[in-house]
Amino acid sequence: MLFAASGCKKNAGCTQFGSENYNPDAVFDDGSCILERDKFLGTFHVSSDCQNDYSCVISEGPGDFKVVFLGLADTLGEVDAKVYGQNITIEQQVVNSHVTIEGAGVYVADNGISLSYRMRYNSGGTETIYDCLESMTKQ
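Going by the working numbering, the final residue of the sequence shown carries number 139, and the count climbs one at a time with no gaps.
You may find that some hints are simply not true.
[What the hints assert, rightly or not] Straight-line alpha carbon distances no greater than 25 Å define the calculated BS3-like cross-link-like pairs of lysine-lysine that follow:
1) K66 with K39
2) K82 with K66
3) K138 with K82
4) K39 with K82
Hint data in this document are derived by calculation from the structure and do not stem from the laboratory.
Please work from the sequences and hints to get the whole structure.
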C-alpha cells in the first residue's frame, strides 16, 4: 500500500488574543506575539506642565496588560497602570502614603505617550490638587 503525503500545512503565528499581531487563523503559537503593553515599556524623557522636565521608566507589571511607572511626577515611587490597545489607564491609587493619583493616556506616533493625571497631596489635613499634562518621549 502506498500513502502519499498530503502536505498538511500547520498555520503558525501569534495565538494570544489581545496581542498586537494576533492571528485568528493561527493554529500553532510560534512565539512571535507582541504584547500591547510592549510599546509602553522603556525610559522616557518627560515634558510636564506641572514641573521641570524629568526622566521616567515604565516597566512590565504583573500580567500581560499591566505596567509600572517608576519615578512618575519625578518623585513618586511605583505607580501601577493598565494598557488597552493604544490607551493606558492609571486607576486611583495611593502612592507614598500621602499622594493619591489617577489618570489616563494614549500612545502616539514615534514612541511617545500623552499622559494626563490628577494628584491629590494630603499634608496636615490640607489637600492640594495638581492636574498634570505630560508628553513622554522614549529615549
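We went through each hint and held it up to the structure:
1. K66 with K39: Answer holds: K66 to K39 is near 12 Å, not above 25 Å.
2. K82 with K66: Within the cut-off at roughly 4 Å; holds.
3. K138 with K82: holds (18 Å)
4. K39 with K82: holds (13 Å)
Of the numbered hints given earlier, the model fails none.
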